[in-house]
Amino acid sequence: MARILVVDDATTVRMYYRDVLEEAGFTVEEAVNGFEGLEKAVAESFDLVLVDVNMPKMDGYAFLRQGRTMPELQAVPAVMISTESAAQDRERAYAAGANLYLVKPVRPEVLTEVATVMAGVVP
Amino acid sequence: MPLEHDGATIRLTGHCSVEDAEPLLDVLRATPDATVDLTEAAWLHTAVLQVLMVATPALRGRPDGLVPAACLAGLPAAEAG
Amino acid sequence: MTNALLAQFIPEARELLERAGSGLLALEKAHSAEALDEIFRAVHTLKGTSGLFDIAPLTNLVHAAEDLLVEVRAGQLALEPEIVDGLLDSLDLVGHWIDALETREVLPDDAADAMSGRVVTLRGWLQVGGPAAAASPVASEAAPDWIGALPESVRQAAYAAGGPLIAWSYEPDETCFFRGDDPAHLVEQAPGLLGVRVLPRETVPAPEFCDPVLSWLRFEALCAAPAEALSEHLRYVSDQVQLSPITKDALVILAGPEDTAEVFGDFGVRARALVATEARAELKAAAAALLGIIGPATRQAAALRWIAALAPTADADALQRLVAAIDGAAPARPVSAAMTAPPTAAAPASTGTDAPLRQRAEVILAAQAEMLDVPVEAALDAGRRESVRTVALRCLPHLAPARAQALNAALAQPGDAAALRAVLREGGDTVSAAVVVPAPKAVQKPAVSTAPTVPLAAGAPSEASENGAGSGAAPARMLRVDQAKVDTLMNFAAELTVAKNGLAYLAGRVEQVSGSRQLGREIKEQYAVIDRIAQSLQVGVMAIRMMPVSQVFQRFPRLVRDTMRKLGKEAELVIQGEDTEADKNVLESLADPLIHMVRNALDHGIETPAERLAAGKPAQGTLRLSARQENDNVIIEVADDGKGIDPDVVRDKAVRVGLITPDHAAQMTADEIVNLVFAPGFSTKEQVSDLSGRGVGMDVVRNAVRKAGGDVWLASRLGQGSCVTVQLPLTMAVTRIVTVEARGQQYGVAMDAVAETVKVPLGQIHRIKQRETFVLRDAVIPLVRLADSLGLAPATGAPPDEEAVMVARVGRERIGIVVDGFRERMEVIVRPLDGLLAGLVGFSGTALLGDGRVLLVLNLPDLI
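Residue numbers (the numbering used here), protein chains in the order written: chain S, 1 to 123; chain Y, 1 to 81; chain Z, 1 to 864.
Hints should not be assumed to be uniformly reliable.
To give a feel for the contact side, a few chain Z residues facing chain S, derived at Cβ under 8 Å [said to hold, decoys possible]:
#1 T45
#2 K47
#3 A367
#4 V754
#5 A755
#6 V758
Per label pair, the in silico range of CB-to-CB distance [as the list claims (entries may be wrong)]:
#7 Y/A42 - Z/N631: 33 to 43 Å
#8 Z/D239 - Y/S17: 49 to 59 Å
#9 Y/E40 - Z/D239: 55 to 65 Å
#10 Z/L718 - Y/E40: 50 to 60 Å
#11 Y/E40 - Z/H31: 57 to 67 Å
No lab work stands behind these hints: they were computed from the structure.
All C-beta atoms, glycine included, are put in the ideal place defined by N, C-alpha and C.
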């Protein structure tokens, strides 16, 4: 079963991702900031990471940059999910190592499709 | 007497003056679930409107006028009957 | 509540609002980049999360607040007190909406209107040409800022009405009813009245603290009438009115977030042509048609509604300005970056059933190419390429076979970023233009409406981190429980505590009836075990209901700040002991009285800076709010270093209104005198004050506190300040009592109140001024005979040589209560008096004993 790490400081948002992704058959693990995300990623392996931008302690950019230098995370696909839709925000995400940039709110079917493809679920 | 109290219904009739505000507040404090019937009310003094805004009872009928309407817009309507 | 996600959102939103609000207050005192970050993050998170629900007004308002904070953070905007007010007011409004969401799962009906008013205010502070467009490109400058809060339909009607327009606000002064004014009537009769908004000057008072003869409303009205006519109408209240003649263009206020969809560009081109050719009907139809397909909350939608309403009558210039307001903000975009339809639409003919996934895979591949175009630090390059390879490989199974084969072959060859990019682009070009990651927000519906559209795990709160894997402490697992369930559990625990008392009786009866001491002792041992468990259970359940007093205190920084600003005084709020815990119900019963006490202290206690300086005090006063636990009580103190209460003034007043006789007054200490302010109907402040009414309310405070089983008293030193102390039981569930006997009847007395019990020989009881007293360790203690106080029959037979006296604390005083004897101690649930007993004075309630008897529990303050 594909495992997804959700990194977001908003409890409701994490719960939403969990509801949608578990419904689609994924296993979901949560972290409340980039720092906790890295700790979890070191302890366990994941097939996909969904990460928020603005978080206390360690934000999404720092999390991605750090992740791309770590053996545990460097090859793991990462989706950055932000509230901002400006082009420079997307470029910043790509420069930090995100493979995809989505704008909140992400509809359930988009989330499921993205997770299915990027976490490597074969139909 | 423009204020009649009958069980859970308080009826305001005619022109309600500032003197009616205090008794109305007392009745509404004592009867939190009361319905206030305004169908026979011609005019409500500002003080009476204020009491209704504070106690937010369910209303039956609304007095004419833009100001009473604006004051009482947030109050629930009583169920018919 | 059925929607688990919404149920999760509500407490989180409240916490974020609280964090933002207290952050703003802290920031106003001392600038701190961290505090600003914290506020920004809270507001930002709230915005992002609210997008999950169909609550556009809330999201829009929070968005406007966030934009303002962005400017503040960038140093473009100084955080003036007015801006803090505006932000706090907006957060309050969002808080009200959250309350509405909790009870009804939808926002109030007027949310959109209320939102646009606030957004106009917030956006008004943004610099012109800032990142977000100014709210109203067509509004005139002189118009009052609340115009936008009037309903759009009223403003449109006023626009169409033509003639002179006056916007005016009217704040009747608080005492106007005494002069016979009826402000609502005055407004209603205003010439040419088109619309009116009525709102509280501050907040709507709570029913318990509402004074029905004081006015607290503000009116905002729009009239189509000459200024002279209106001035004439309002001549007697001219000092309370502000009149602003406005142009009709000032009515056009467009609030809401920007919608940058391309469709507005098309509309603009067409609309300009229609205005130029005076094809008004077609213009109206075009606006109406576009309105049908876009969200109603955006600035563009507002402009379209205006166009639809004004198309038949308005002059061409005004219409052109509205059209410009619609497409002016939409930037020109290269077509390749344009957003297109959601993935399910316009799917190319495909063979598989997984067409959406194929399209999604192509989108993702295109994003990989785009990502590789963005330069990256050398350290990240290898990792990023690795991740792109992973993504590309995972996309393969979803692609059309030919494309998958080509991509797979290319991926098999090791290469640098440029090579990988070339592979990804191969065959992807035709797709990437047609494919889009995020669609424009305003067109795309939010993910979840408050009625869930996705299947959600029923009621399951999200479980945080089940597997901490030894790296750092895992967060505490929290359970969200309906309070009613805890209350039920509490009741059972309390009943168990009382029921176990029956075992003690049983043990006694077994000894009496069967004469078996052994069996009695065994029952007593068993009783001890159950007693211990019942106590643990009770402590455990109580702990669930315990909340820190910070829950009540947290509103005070704001209250103090706002009140001080209003009064033109300065005071620092010092909060101590906010971690002290007490039962939730107890704290809730404390909330309103505390507000009243704090307002009183600020209003009547703390002097103006000038008065303070003249009295040799620092200009800034201090208000101390403290909490601590003492035995089974929580003690809350509200202390100010203001002018204190003059006992002479209180004494004169109390005699004048007939509260006490002059004789009585002469015997009272200064302390006793100042505590008369709690007497019903007493007022220390002669003139009406804007904030705490006519001084009424301290009796309400005392009633509220006593109802919760506590007491309140006041200590004051003239010129130095006052301190109001509230004592409340930690919990209201179980009371430890001792039973006392008078004339053969037993009564309960709360153990908390009992200081000690003593035997006093008759010879040591002396009469001082008609009152029996005795001396206990150098203190003179007044005596009360319980039987006399309760009106029981006089004792028969000779008086005893010594009296059994229970020394009790009532407030801060000690008093001796003469009883016939003491009986046992026990724990009971005290139930309020109801039915026939409801009017009984002298008792706080009844308690059911283990043997089935009903015990009356004394309310000591009533006996004195």
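(message) Going through the numbered hints above, which ones does this structure break? Give me the numbers in ascending order.
(response) 4, 5, 6, 7, 8 and 9
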